[in-house]
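Novice: Sequence:
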Amino acid sequence: MPVRIRLQRHGKKGKPFYWVVAADSRAKRDGKFLEKLGIYNPNTNPATIDIDVDSSVKWLQNGAQPSDTARAILSYKGVLLKHHLMGGVAKGALTEEQVEEKFKAWLDEKEAAVQAKKDGLSKAEAEAKAKALEAEKEANEKRIAAAAPVEEEVAEEAAEEATEATATEEAPAEETTAEAEEAPAAEEASKEEE
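Going by the UniProt record's numbering, the first residue of the sequence shown is number 1, and it counts up by one from there.
Derived by calculation from the structure, the hints in this document are not laboratory data.
Each statement offered as a hint is correct.
Below, simulated PhoX-like cross-link-like pairs (lysine-lysine); rule was C-alpha separation at most 20 Å, straight line:
#1 36 <-> 58
#2 58 <-> 102
#3 58 <-> 104
#4 117 <-> 129
#5 12 <-> 28
#6 102 <-> 91
#7 129 <-> 118
#8 58 <-> 91
Ranges of calculated distance between the beta carbons of each label pair, as one might list FRET restraints:
#9 101 <-> 134: 44 to 52 Å
#10 13 <-> 89: 43 to 51 Å
#11 10 <-> 88: 33 to 41 Å
No residue lacks a Cβ here, since even glycine has one placed at the ideal position from N, Cα and C.
All chains should be built: construct the whole structure from the sequences, respecting the hints.
Specialist: Next up, the structure:
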């Protein structure tokens, strides 16, 4: 039975999510599989990959052939490197401890590279947000500057209307004040006559 290490598609339309599986090459793409080796989610940046390294190496040593995409994923996670190093153990060129040490050093280096990419992405995102905020502030200042002359004209017109309104209110108020002063004087005169 020829065994292939390949991807099995899951997820909804437009949002694929894959299982990395060891399956009979004659089985359907999303059909029966022998063992689930890990997951691959290309929707995140960087892509999320979780692989069981030891099981994958065991299948490779037993003759399983990875598909092109699965080979790239296995190489990215170091499975092919470990398989290669385990070949050295079989030949007697390396010991198990040396293999683990080399593999651990490679993993640390790879993890540092992935972390650098994540930091770069978050920094770029923060810069884009700052740039957008700066552009928004500039646009607001331009809008406020364009609205300032209009507001001044409206304020001047309101002030003119207010002065006209107070002038018209003062004139009748003066007349009523004069009338109010005359009325008590007339009452006093009529009282004196009596």
